[in-house]
Amino acid sequence: MSDLMKVSSNPHIRSKVTTKSIMLAVVVALLPAAGFGIYNFGLDALILILVTIATTVLTEYLYEKAMHKPVTIGDFSAVVTGLLLALNLPSTAPWWIAVIGGVFAILVVKMLFGGLGQNFMNPALGARCFLLISYTSIMCNFQTDTYTGATPLAALKAGEDVNILDMVIGRTAGTIGETSMIAIVIGACFLLLLGVIDLRIPGTYLVSFIIFLILFGGHGVDPAFISAHLAGGGLMLGAFFMATDYVTRPITKKGQYLYGIFLGVLTGIFRIFGPSAEGVSYAIIIGNLIVPLIEKVTLPKAFGKGGERS
Amino acid sequence: MAKLTFIGGIHPYDGKDLSKDKPIREVLPKGDLVYPLSQHIGAPANPIVKKGDRVLTGQKIAEASGFVSSPIYATVSGTVKAIEPRRVVTGDNVMSIVVENDGLYEEVEWPEVRPFEELTREDKINIIKEAGIVGMGGAGFPTFIKLSPKEPEKIEYVIVNCAECEPYLTSDYRKMLEEPDKLIGGLKVSLSLFENARGILAVEDNKPDCIERLRELTKDEPKIAVKALKTKYPQGSERHLIYAVTGRAINSSQLPADAGCVVNNVDTVIAIYNAVMEGRPLMHRIVTVTGDAIAEPCNFKVRIGTNYHELVEEAGGFKTPPVKIVSGGPMMGFGIFDLDVPTTKTSSALLCMTKDDVSYMEPSACINCGKCVEACPGRVVPRLLADCAEHYDEEGFLKNNGMECCECGCCSYVCPAKRPLTQVIKSMRKMQLAKKKKK
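Chains A and B supply the protein sequences, listed in that same order.
Letter by letter, the first sequence follows residues 19 to 328 in my numbering.
Letter by letter, the second sequence follows residues 357 to 795 in my numbering.
By construction, these hints were calculated from the structure, which means they are not laboratory data.
What you are looking at is a predicted structure, and each value in this text was computed from that prediction instead of being measured.
Take the hints with a grain of salt, since some may be wrong.
Unchecked claim - Using 27 Å as the maximum straight-line C-alpha spacing, the simulated DSS-like pairs for lysine-lysine come out as follows:
1) A:Lys319 x B:Lys359
2) A:Lys314 x B:Lys782
3) B:Lys675 x A:Lys34
4) B:Lys786 x A:Lys24
5) B:Lys586 x A:Lys319
6) A:Lys323 x B:Lys782
7) A:Lys323 x B:Lys755
8) B:Lys579 x B:Lys510
9) B:Lys774 x A:Lys271
10) B:Lys774 x A:Lys34
11) B:Lys792 x A:Lys323
12) B:Lys359 x A:Lys272
13) B:Lys782 x A:Lys34
14) A:Lys24 x B:Lys675
15) A:Lys319 x B:Lys793
Construct the entire structure; sequences and hints are all you get.
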């Protein structure tokens with residue numbers, strides 16, 4: 019009976035979207051930011067990006083080989099982690115920082131918790147925060163040949179004037195991938211068009227952050243101050259590429275709105291009242307930790323039990 | 357006005373172009389006909405013929421054996437060859453009556469049709485019951501039970517499910533185009549059972565020609581309206597259809613009657629017309645034979661009991677060897693391992709595909725993307741339910757509304773990690789339902 023047909027449970031068709039296609043889309047969407055970073059900071063940035071990606075992919079491969087598990091580097095999630103981490107490093111960082119960060123992201127944050135889908139915090143952000151705490155001076159060294167001043171946000175915090183146009187385009191000091199608002203938004207639009215991400219989290223995140231600034235920023239409704247805060251630091255990269263990370267955000271719609279608001283408020287607190295000018299990374303990481311709680315309280319109601327309209 | 361629809365759902369490739377312009381053609385069976393005694397939900401029918409008996413087309417060969425049951429009629433003339441277990445589309449062996457076709461198609465003497473005006477409500481329901489009519493959309497629930505709710509005066513809508521939301525299926529579409537009078541006639545018969553009801557023909561808006569034609573034909577019928585629904589799978593799911601049309605939502609443990617509705621599918625309504633107005637029992641159904649493996653995709657009028665092999669032959673055979681054959685639509689149909697099974701009252705299509713999406717996509721880890729939550733028309737969290745089901749966590753499964761799943765397959769369809777969500781949830785539901793029954 020060689021001509022028996024294949025049988026399986028319904029449905030018998032599947033959409034063409036795969037984990038790999040989603041991850042590849044994210045990589046493509048990060049290319050404008052990465053490209054601008056390389057243009058802005060030169061060869062150092064390119065080398066750091068390549069070293070970080072090589073480290074994350076190799077770490078995942080070696081870990082899975084050593085543990086006799088199926089090798090999953092083909093799904094490109096390690097590439098996304100590596101690229102995101104690299105975009106969060108200053109171009110002045112030495113190569114071994116990238117290696118430590120990459121190994122920490124994949125080995126500690128991702129694989130030890132069960133691999134893709136099981137990590138409770140964003141691996142790239144986890145690694146960035148680890149590096150920030152452990153190698154503060156290296157991670158906060160934004161002095162390059164082109165940029166000798168402070169980052170725009172630090173300048174803003176010190177009460178200095180900043181050039182908003184430069185911030186939007188990205189001609190400022192900062193980490194490799196965070197400086198250009200335009201490049202990040204182009205990538206984000208690509209993901210939005212493909213339906214890989216939606217505006218629920220980034221939208222509520224940015225709006226609640228703006229409201230927080232108006233209420234507690236000390237400048238009232240000051241467009242210049244607000245735009246500087248939006249364009250500066252890791253906010254754009256965080257809102258569109260890290261807060262939207264599937265694994266570490268709530269799965270429910272209502273939960274996603276709540277999560278966005280939580281991140282906006284937290285970022286506001288860190289930036290306005292905290293000692294550091296930055297706050298996005300920590301806000302998202304703390305947000306990641308309360309995701310299970312958010313999911314628990316926002317489980318949808320079933321159809322016919324009150325859930326048909328939401 | 358916002359389009360009539362529901363939240364969730366998906367837009368798969370619909371494949372209807374393959375067969376939508378092919379007029380319905382009758383297929384005369386050549387080989388043996390097999391009549392499984394369970395072609396409906398409820399108790400299997402009781403055979404009333406024995407091996408060696410000669411039967412005629414239209415002769416009752418099995419009678420209903422309980423309240424929820426349905427009789428079965430011979431669709432050809434010939435000799436009863438055996439009453440034995442035969443394999444059906446679900447893969448089960450079901451006790452079946454096998455009739456050797458003598459090719460004469462000799463018919464019984466049809467009983468005289470009583471004038472419609474003389475029939476009482478009970479008469480009509482009895483005719484429908486005796487004609488062996490069951491829900492022909494796929495579930496196979498005996499129609500007379502649907503038509504006799506406890507409080508018939510509380511029924512406000514008699515809805516004909518003309519959504520045909522399953523990809524590839526065009527049988528309802530052809531019926532609507534070719535026999536709209538019978539469809540409307542059948543609806544009128546159903547409406548005559550419910551004094552306070554309005555009739556609704558609910559059609560997905562990917563069939564504008566049907567909508568136009570039905571509107572034209574019903575423009576002088578004050579009690580009948582044609583409603584266009586947004587094209588989205590699973591719009592034809594009973595509960596979602598009721599919601600789209602009336603804005604009333606019922607959960608899995610309620611009946612359409614709780615929302616003041618009675619819902620029947622196109623083929624079923626036409627069968628009601630044939631039974632009440634023409635005195636014919638349920639003997640045929642329309643089957644779409646389609647898919648990229650079929651030489652000439654077609655819509656056939658098939659005598660129930662006809663072997664699937666004959667349908668494929670009639671459609672010109674295979675132009676490419678199929679890898680997967682599905683009885684029914686691709687979203688909720690049954691994969692069958694070979695063609696040697698009979699057409700039953702609920703066979704809507706025979707889909708032959710040259711590739712199998714499912715077998716070449718390896719399931720991988722869930723990335724929590726939330727696509728299943730967005731697609732789920734039952735508004736549950738498939739990912740969570742699948743987790744509970746995989747770990748046999750009954751309590752969690754029930755608490756998270758596992759029983760509200762309608763098994764439509766949307767979650768498995770959209771899952772980028774290709775996880776068989778529907779499959780595991782469905783298995784767990786089956787176990788829970790069986791448990792409930794035992795109690």
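Now for the hints, and whether the structure bears them out:
no. : hint                : verdict
1   : A:Lys319 x B:Lys359 : holds (23 Å)
2   : A:Lys314 x B:Lys782 : holds (24 Å)
3   : B:Lys675 x A:Lys34  : holds (25 Å)
4   : B:Lys786 x A:Lys24  : holds (23 Å)
5   : B:Lys586 x A:Lys319 : holds (23 Å)
6   : A:Lys323 x B:Lys782 : holds (20 Å)
7   : A:Lys323 x B:Lys755 : holds (13 Å)
8   : B:Lys579 x B:Lys510 : holds (16 Å)
9   : B:Lys774 x A:Lys271 : holds (22 Å)
10  : B:Lys774 x A:Lys34  : holds (10 Å)
11  : B:Lys792 x A:Lys323 : holds (21 Å)
12  : B:Lys359 x A:Lys272 : holds (24 Å)
13  : B:Lys782 x A:Lys34  : holds (23 Å)
14  : A:Lys24 x B:Lys675  : holds (18 Å)
15  : A:Lys319 x B:Lys793 : holds (26 Å)
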